[in-house]
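Protein chains: 2
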Amino acid sequence: MKIGMIQRNFVVGDYQGNVEKILSSVEKAKALGADLAVTSELSLCGYPPKDLLERDRFVSAGKAALEEVAQRASIHTIVGFVDHDPTRTVGRRIYNAAALVGGGKVVSIHHKALLPTYDVFDEHRHFEPALLADVVPVAVMGRRMGLSICEDIWNDPDFWKLRLYPLDPIATLVERGAEVLLNISASPFTMDKRTLRPRMLAAQARKHRRPLVFVNQVGGNDDLLFDGHSLAFDASGTIIARAREFEEDLVIVDLAQGTGAIRDLKDDTEAALDALVMGTRDYAHKCGFRSAVIGLSGGVDSALVASIAVRALGPKNVLGVSMPSRFSSQHSKDDAEELARHLGIAFETIPIEGPFSAFLDALAPAFKGTAPGVAEENIQARCRGVILMALSNKFGHLLLTTGNKSELAVGYCTLYGDMAGGLAVISDVPKTMVYRLARKVNEQAGRVVIPESTLTKPPSAELRPGQVDQDLLPPYDILDQVLELHVEEQLEAPDIVARGFDPSIVNDVLRMVRVNEYKRRQAAPGLKLTSKAFGPGRRMPIAQRWRGN
Amino acid sequence: MKIGMIQRNFVVGDYQGNVEKILSSVEKAKALGADLAVTSELSLCGYPPKDLLERDRFVSAGKAALEEVAQRASIHTIVGFVDHDPTRTVGRRIYNAAALVGGGKVVSIHHKALLPTYDVFDEHRHFEPALLADVVPVAVMGRRMGLSICEDIWNDPDFWKLRLYPLDPIATLVERGAEVLLNISASPFTMDKRTLRPRMLAAQARKHRRPLVFVNQVGGNDDLLFDGHSLAFDASGTIIARAREFEEDLVIVDLAQGTGAIRDLKDDTEAALDALVMGTRDYAHKCGFRSAVIGLSGGVDSALVASIAVRALGPKNVLGVSMPSRFSSQHSKDDAEELARHLGIAFETIPIEGPFSAFLDALAPAFKGTAPGVAEENIQARCRGVILMALSNKFGHLLLTTGNKSELAVGYCTLYGDMAGGLAVISDVPKTMVYRLARKVNEQAGRVVIPESTLTKPPSAELRPGQVDQDLLPPYDILDQVLELHVEEQLEAPDIVARGFDPSIVNDVLRMVRVNEYKRRQAAPGLKLTSKAFGPGRRMPIAQRWRGN
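From first to last, the protein sequence lines are chains X and R.
Residue 488 in the numbering used here is what sits at position 441 of the first sequence, and the numbering runs on without skipping anything.
Residue 444 in the numbering used here is what sits at position 397 of the second sequence, and the numbering runs on without skipping anything.
Keep in mind the hints are simulated off the structure, nothing from the lab.
Check the hints yourself; a few may be wrong.
Each pair may be met inside one copy or between any two copies, as identical chains are not told apart.
[Claimed, not checked] Derived pair list, reagent style EDC-like, types lysine to aspartate or glutamate, alpha-carbon separation capped at 16 Å:
#1 Lys240 to Glu490
#2 Lys68 to Asp321
#3 Lys68 to Asp103
#4 Lys579 to Asp98
#5 Lys415 to Glu395
#6 Lys313 to Asp181
#7 Lys487 to Glu175
#8 Lys313 to Asp516
#9 Lys254 to Asp381
#10 Lys579 to Glu101
#11 Lys152 to Asp524
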């Protein structure tokens, strides 16, 4: 049996487009000899559809799209869709489902049993889980296929010390006769999943002594990045096919021969860069933007974001804007301009002195007798925000924000200033990782793209004379470690201090994280790379008094 | 048996403060003759704690707080807390729980069986549900009390045609001998719940022929408003006690006599105003603000928000700022000033002409050859945002945004402009309701607070000469009806047209709702009044192509 692993970049809600993507890949798979084509989770509507699932017409349009695929697919095909049972009066009426279609009709329907409801996932909000009695294999060309959906395969009691669910649908499918394991997924990328996911899948194949085919969605949908990286294993848990990361792909795996294409993997830093490029491109294109505008400060964050934007959209579609103030150093202006030249993007300089002075004048009566401080600093950042948004509004560019995760965590950023924009490209990239990615940009280019001085000078917001980030923040390598323990591992101050960090630094950092929750609530959507990003996967109250001990 | 219904305004995460609130009320209840004191859901940590529940120390601090209440409470008391079972290796390890304490110790613990996971609720994200076997009454002074938590009481199969859960914990408690029904809740306010909730509770009491005591949290926590409105019913479903709406209260109900205090109810418009005043006061105070700043345009939205802020914080703590532009009419400036005078608040005028001109000058080279349009209009709104945020940053005022739900729905507002602020007071109030609330402000004051011309002139953003809202939008009475059908009832265009609305208006409105999702993602938290507010209870993808048919 030959299976075509169809790894496509679906657009949420674009039934017609997604149907055509599926069918064109099915035809290609057939031409390459496949007997069965397998698409990813909710391939018809795209993942995650979120609260569109609450609209009746959204669900019924999906059933119509399924009928169309069933009628037009020329080989057996597995499609992800939203199943609907209007007769139910208790529980939810829709299911996260997979359909086997073939011979012009829907052959069988399978419901997802385990509904992830943590981090970015809200599946209990929408779906009814499968009944255990319905978790049964389906025959395709005489072979019993154990078909499961994403989370269903992540609950192996031999793999995890702690589990969220009492059921193990994969074990159930094997007990009920599955000869081949198929899992269709929309499993979002995080850095640690690059190794964790293949290891977990291999363990399932090996333990059950069954070949396993895992087909994942690829592409960015808002904050979520789907890496593709579809995999097939033989019954010993050895990888026999692997699709590309961060790109559409079609891989044929021959289960009888145990063979298939195995695409190369990149290193972690390259993968992170590719993920961000994909996420930026998809957010822009799926929202209807062809071009982007970025404020270039001469610093490493905006340099990295501009480099990512150029890869995502092409240098002709990126505008870099330098907005120097009375506090900007000559090297910042020079670095920004040099970066733009290296990237081959359009570059404009729009000084903020005029608007900044005008605001100070307008506010002079109200501010009389006060000393300059954060209010005045923020006005500068907000002048830049107004200019960039004006360029966005006038010319239809997507404004990309340039703040990193470390800044966003401690609130070292200005709401409506440098936080203004439609997409926060690196808001889940800690500052220390920003440097790694920036150096990788130069390494991959084989030349200086991001100027060396951008990579080596002390980071500064340049909102007052002589300011550097470390006036207010601990060194970034310390800060990033503390933040990882607090944000990703959810540890509080005493636990972090117990790991050997300075108590006053830890308390300061955690206080800053806490009091800046309101800023993050209004942040642009940010591409998720780590196990815990700020955004929909981290839901914190703003008005609260928990102090961690 | 006399029960003290303890309706308090808890702060999320403030264990020490919440413990003192509970204990002081318990002592008062005892002094008034109560045998049993009942607090609301998660009273120890405050509701909703959201992802603070993922922190081990947050959970263990709650158990310590429970021990303290147990030791110090001088009568039997029911407390809401987070129970924790560290021995579990499958499923979640925490429960939304109620403890009966008395005699210096924890007498029994009860877990919530039904975990709401829809709209603003995410309880499946955090909690393990009760085992059915554990849903049993507990004896207090010889009477078997059927204790349930919030959602547990909302699933009566005789009340609803469709239900989310197969279990009915109330029926189970009655079958297992409950003589009195107690429900502790953190049931957020929405307009329709003022009648729905008493009706549903009365039906439960009547059906099971048991007295029922319902104790609800009061106060605002971020976007959620808890109305209190705690209730007691006799076994025939008649109300025998009712606590205040939107205020803390302590009501003693005598179950043997069937008597208790029954506080007056307000009309719906008064209730909505009180809800918004409470939400504004609590957000400000729980976040540490004493004062607010508001941009006054002379229009009805900012007039209403200023009136609410004055009630919430006092006139001495509210600053109104008029920021006229070259397009502002004299009547707008006059109306703003008159409003401030009537409210007795500080008032400043800060014209935006200087910064606006300076931006146009700075952008002139980039904008060369383009016609003035939305970009220039937005610059004006953003100049106002910068000025208001500068005043907020300088003087520590909370900036209140003034946009209503109709505007936010169709994107008739400027991101980082009039949308800038810490709290969106009326972002869940449709424009037609804004007028009703504004007239109620004058009616309650018995004099003109909001100028009559503010209430009667055609609404305008005044961002270009002669502009009025109805240049771009349908009449507000039509718009609000279409929006209610689409946003609250989740209907798509064909269904709304079938109700008799003009297809071109419906399609236009729904298109505007769709393309402005990105603005709402970055909106300030807004106080929730309706069954579906923009915010955490409505989770829509931004990059998507669903068009509704």
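These are the hints, each one checked on the structure:
no.	hint	result
1	Lys240 to Glu490	neither (25 Å within a copy, 61 Å between copies)
2	Lys68 to Asp321	neither (22 Å within a copy, 53 Å between copies)
3	Lys68 to Asp103	neither (24 Å within a copy, 46 Å between copies)
4	Lys579 to Asp98	between (22 Å within a copy, 12 Å between copies)
5	Lys415 to Glu395	between (35 Å within a copy, 13 Å between copies)
6	Lys313 to Asp181	neither (40 Å within a copy, 52 Å between copies)
7	Lys487 to Glu175	neither (45 Å within a copy, 45 Å between copies)
8	Lys313 to Asp516	neither (33 Å within a copy, 54 Å between copies)
9	Lys254 to Asp381	neither (59 Å within a copy, 78 Å between copies)
10	Lys579 to Glu101	between (27 Å within a copy, 12 Å between copies)
11	Lys152 to Asp524	neither (58 Å within a copy, 47 Å between copies)
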